[in-house]
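Use these hints to put chain V onto chain G, whose structure you have.
Read off the chains here:
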Amino acid sequence: MALIDEATLTGPRSAVRPPDQRRRRRRAEAAAGYAFLSPWLLGFFALTAGPMLASLYLAFTNYNLFASPEWVGLDNFTMLFSDPRFIQSAKVTGIYVLVGTPVKLVAALAVAMLLNNRRRGQGLYRSVFYAPSLIGASVSIAIVWKAMFIDQGIVDKIGQSVGVNWGGWVGNPDMTMPMFVLLTVWQFGAPMVIFLAGLKQIPAELYEAASVDGAGPVRKFFKITLPMLSPVLFFNLLLETIHSFQIFASAFIISGGTGGPAGSTLFYTLYLYQRGFQDFRMGYASAMAWVLVVVVGIITLLFFRSSKFWVHYSGEGK
Amino acid sequence: MKRHTLKAAGVAAAAALALAACSGGSGEADPEETTGGEGGDDTTPVTLNFTWWGNDDRAARYEEALDLFEEQHPNITVQTAFVDFPNYWTQRSTEAAGRALPDVMQFDLSYLREYTENGHLLDLAPYVGEQIDLSGFDESLVESGVLEDQQVGIPTSTNTLALFYNPNLLEQTGIEPPAEDYTWEDYNEFLASVTEAGQTTAEGQPIFGGADYTNTFWFFLQWLVQEGKTPFNDDGTFGFDEDDMKEFLGMAEDLRADKAVYPVDRGIQLLPLGGFTVNESASEFSWDNFLAGYTADSGTENIEMLPVPTGSDGEKAMFFKPSMLLSAGANTEHPEQAATLINFLLTDPEVGRIFGTSKGVPADEEQRAAMELEEGSVDARVVAYEEAVADHVTEPVPVPVKGFGSIEAEYKRLAEELAYGTVTIDQFVETWFAEAQMMTQ
Numbered sequence: 001m002a003l004i005d006e007a008t009l010t011g012p013r014s015a016v017r018p019p020d021q022r023r024r025r026r027r028a029e030a031a032a033g034y035a036f037l038s039p040w041l042l043g044f045f046a047l048t049a050g051p052m053l054a055s056l057y058l059a060f061t062n063y064n065l066f067a068s069p070e071w072v073g074l075d076n077f078t079m080l081f082s083d084p085r086f087i088q089s090a091k092v093t094g095i096y097v098l099v100g101t102p103v104k105l106v107a108a109l110a111v112a113m114l115l116n117n118r119r120r121g122q123g124l125y126r127s128v129f130y131a132p133s134l135i136g137a138s139v140s141i142a143i144v145w146k147a148m149f150i151d152q153g154i155v156d157k158i159g160q161s162v163g164v165n166w167g168g169w170v171g172n173p174d175m176t177m178p179m180f181v182l183l184t185v186w187q188f189g190a191p192m193v194i195f196l197a198g199l200k201q202i203p204a205e206l207y208e209a210a211s212v213d214g215a216g217p218v219r220k221f222f223k224i225t226l227p228m229l230s231p232v233l234f235f236n237l238l239l240e241t242i243h244s245f246q247i248f249a250s251a252f253i254i255s256g257g258t259g260g261p262a263g264s265t266l267f268y269t270l271y272l273y274q275r276g277f278q279d280f281r282m283g284y285a286s287a288m289a290w291v292l293v294v295v296v297g298i299i300t301l302l303f304f305r306s307s308k309f310w311v312h313y314s315g316e317g318k
Numbered sequence: 001m002k003r004h005t006l007k008a009a010g011v012a013a014a015a016a017l018a019l020a021a022c023s024g025g026s027g028e029a030d031p032e033e034t035t036g037g038e039g040g041d042d043t044t045p046v047t048l049n050f051t052w053w054g055n056d057d058r059a060a061r062y063e064e065a066l067d068l069f070e071e072q073h074p075n076i077t078v079q080t081a082f083v084d085f086p087n088y089w090t091q092r093s094t095e096a097a098g099r100a101l102p103d104v105m106q107f108d109l110s111y112l113r114e115y116t117e118n119g120h121l122l123d124l125a126p127y128v129g130e131q132i133d134l135s136g137f138d139e140s141l142v143e144s145g146v147l148e149d150q151q152v153g154i155p156t157s158t159n160t161l162a163l164f165y166n167p168n169l170l171e172q173t174g175i176e177p178p179a180e181d182y183t184w185e186d187y188n189e190f191l192a193s194v195t196e197a198g199q200t201t202a203e204g205q206p207i208f209g210g211a212d213y214t215n216t217f218w219f220f221l222q223w224l225v226q227e228g229k230t231p232f233n234d235d236g237t238f239g240f241d242e243d244d245m246k247e248f249l250g251m252a253e254d255l256r257a258d259k260a261v262y263p264v265d266r267g268i269q270l271l272p273l274g275g276f277t278v279n280e281s282a283s284e285f286s287w288d289n290f291l292a293g294y295t296a297d298s299g300t301e302n303i304e305m306l307p308v309p310t311g312s313d314g315e316k317a318m319f320f321k322p323s324m325l326l327s328a329g330a331n332t333e334h335p336e337q338a339a340t341l342i343n344f345l346l347t348d349p350e351v352g353r354i355f356g357t358s359k360g361v362p363a364d365e366e367q368r369a370a371m372e373l374e375e376g377s378v379d380a381r382v383v384a385y386e387e388a389v390a391d392h393v394t395e396p397v398p399v400p401v402k403g404f405g406s407i408e409a410e411y412k413r414l415a416e417e418l419a420y421g422t423v424t425i426d427q428f429v430e431t432w433f434a435e436a437q438m439m440t441q
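Protein chains in written order, with this note's numbering: chain G, 1 to 318; chain V, 1 to 441.
Treat each hint with caution, since some may be false.
[Unchecked claim] Simulated pairs of lysine-lysine, DSSO-like, Cα-Cα distance not exceeding 30 Å: (1) V:412 x V:246; (2) G:308 x G:200; (3) V:259 x V:412; (4) V:259 x V:246; (5) G:220 x G:200; (6) V:259 x G:157; (7) G:91 x G:220; (8) G:91 x V:246; (9) V:412 x G:91.
By construction, these hints were calculated from the structure, which means they are not laboratory data.
If we strip away everything but chain G, and leave its shape as in the complex, we get (with noise of 0.2 Å):
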């Protein structure tokens, strides 16, 4: 998308005017495109844009979706800032973010740069990890996952023929933190793809002179693979930050929709649907939305910022 920005805005502008005749043409062309967009800006306006905008009153008001809405001010928001259980969402979630996402990247890497060495049955690797990233967020994924993690379950006994006592995952507020960043991790096969096309696209010139050089893998990892990676890495990490905060399907059904044992899973997603659909409070639900939406964003800045101290574009020439 951004390449093709480039492309199209900078060439007709530095172009001559063109001639009417030619303008007219384009206009057309430019009438006949939004024609086609139409479909699509038509969901845009209908179904994200107005809904959002809708929401965005709402987080003003008291609406329990029966009666009108009441307008409250900021009451919504200062309300968030008091509510134990706002706080417990936001701590689950940040720490879901903050542990599940650079452990997902890691583990994303290092298979990409196994797999990027040519040997047979590699395109079989590939599709075989990539997998679980195609089904990890369905509903049954989190139903197996749950079977796995209960008392008496696969995880227990093997836990039990090494020793370890740890019991059912699911019904221990302690250990289900780890039980969802696993089955995140489990599911490294969409920035794993990233990351091989990344890796592929760094010049073999580069290891070659560096070999010339001395270097031994670890400074080849630390000198060229990492820099010449940084933009996909930046990608991936940006990617998988807001996915994580996306996290909903597997902690409803695997605490069943309360987010317990103890408030252990009570992600931030999940709450809000509890107190929107559940204690039908939608002004408090579009308040904590917009709170998500804020923070969210200011992360993605901070990234973008972040950016250029750490993020090498080849044809900037660092």
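Okay, now just chain V, sitting in the frame of chain G:
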């Protein structure tokens, strides 16, 4: 340029995900295209939407009953949908917001007030005596579906609380079941002694006396009624205070501290089963119509029932809870056909036979009579239980306040935290009252 575009995409993605959580849920609400809005005559084809909560077993029974209904009323087609209890209310509330409730739906007392106050339910009074025949109903039961002078629902059946116990496990542990006049203290002792017996199941799981009974809001209400309190006043305020709730929760505090009640972490992992249905827990309080489910899940027919414990003044002060109300959406285009369907489900003897006591003991006399009460069958035992405890049923059911469903759910959530020890009783009560105040306003 490149960064700018990516940034916009990132922010948009963030926005989309946050709002995604706000949408969805009303998927199957779309009412079938219907014809013949006049509804008067019997020949115009009409389609009614009908929803309920429940499991597959209930669905099979409803389908059987509705086949019969469609046979008798060839011009009416019934479109059905069902889901579990919590999600049921999510769907109904989104439909209510769009004024698109089903023509006929199963309803619960807990949510009746909210829907009535906002005019979402049809007043069935004009159809009583016309399409709906309530001659076989107890007056007070019909009355329980009246709010704001409107007949917004009619109960299908009644439930009352019961103590279920498993004689097989008691025999193994050598503990006698409580006597019929047992008190709450007696029950505490019973729980502790079964657990202390230290027996295990064939799989090596320890056998417990029962779960922490203070974890269910309805038991708290039952106890309040025994203490002579009216849980909810007509103006929506509470007839109990923080100290009452602290006292009730405190009744099982020693049991929790001694780990004498069924462990919460195992209970959570067994859902939708529980300690009682996997035969690791010897007793459990619940609604009496649960007997059918208990025998099916636990695989033993040998489950006995006792009334609730006796209160401090020597009375059990039990109540019949009208359950499985049938209501019609105020937005229905076919009120008369909806009333016809409601009448059929409430009073047709054949429907009584199909459902048995799986929805509670039928409210209608003819339906009760039509049940095939085989000696010792689940249905016969539930009916026998309600007859046996009839003398103890001296109080009216506490009429739920607006937001009851939410405060009940909040109580359950906090009870789980209490069991894990992440909140104290004082924190429990403080949080509950703060939340309840918001949810019932």
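Verification of the supplied hints:
| no. | hint | verdict |
| --- | --- | --- |
| 1 | V:412 x V:246 | 15 Å, holds |
| 2 | G:308 x G:200 | 23 Å, holds |
| 3 | V:259 x V:412 | 19 Å, holds |
| 4 | V:259 x V:246 | 20 Å, holds |
| 5 | G:220 x G:200 | 15 Å, holds |
| 6 | V:259 x G:157 | 24 Å, holds |
| 7 | G:91 x G:220 | 38 Å, violated |
| 8 | G:91 x V:246 | 29 Å, holds |
| 9 | V:412 x G:91 | 22 Å, holds |
Comparing the model with each numbered hint stated earlier shows that hint 7 is the single one that does not hold.
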